[in-house]
Amino acid sequence: MHEATIAMAIVDQAAAVAMQHGAARITAIEVELGALKQVVPEALDLAFEACAEGTLAEGAVLSQTVRPAVALCRPCGREFEPDLTALSFACPSCGQADVEIIAGHEIVLKAVECDTPAETPLP
Numbered sequence: 202m203h204e205a206t207i208a209m210a211i212v213d214q215a216a217a218v219a220m221q222h223g224a225a226r227i228t229a230i231e232v233e234l235g236a237l238k239q240v241v242p243e244a245l246d247l248a249f250e251a252c253a254e255g256t257l258a259e260g261a262v263l264s265q266t267v268r269p270a271v272a273l274c275r276p277c278g279r280e281f282e283p284d285l286t287a288l289s290f291a292c293p294s295c296g297q298a299d300v301e302i303i304a305g306h307e308i309v310l311k312a313v314e315c316d317t318p319a320e321t322p323l324p
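Each step along the sequence shown adds one to the number in the working numbering, with nothing skipped, and position 46 is 247.
Just so you know, the hints here were simulated from the structure itself, not pulled from any lab data.
Do not rely on the hints blindly, as some may be mistaken.
As the list claims (entries may be wrong) - Simulated restraints on C-beta separations: (1) Thr266 with Met209: 15 to 23 angstroms; (2) Gln297 with Thr266: 27 to 35 angstroms; (3) Ala217 with Ala304: 22 to 30 angstroms; (4) Gln239 with Leu273: 17 to 25 angstroms; (5) Val218 with Glu243: 24 to 32 angstroms; (6) Glu280 with Val309: 12 to 20 angstroms; (7) Glu243 with Asp299: 35 to 43 angstroms; (8) Gln221 with Leu273: 31 to 39 angstroms; (9) Glu282 with Val218: 27 to 35 angstroms; (10) Pro293 with Thr266: 22 to 30 angstroms; (11) Ala244 with Lys311: 19 to 27 angstroms.
Don't be surprised by glycine CBs; every beta carbon is placed ideally from N, CA and C.
Make a model of the complete structure from these sequences and hints.
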């Protein structure tokens, strides 16, 4: 279950952002997950809850969106969204399978919402 590793990284990165701004706690986190990461949303929610316990992110809401995979056809230069159920990714324009995956493996921390102490407003 690689969701636990991903959840821990999300908690760590969000906590670092929150501490930079003097936050008292994290209320919400928004992440984008590449389709090729094959994350099970429910498993990530459970792992996040466990990893957030005892941290600034305890009780925070985790919002997940999936970024589509994008492939680049080397022969013709077309970018396309590959069929992830296929055994190989053939270009829909020229039919070649000489492609490079250029998006879909990333995990992006999009937003961290925090409560801050009254005396330390966020800039």
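Self-check item: Hint check, failures only
Solution: none
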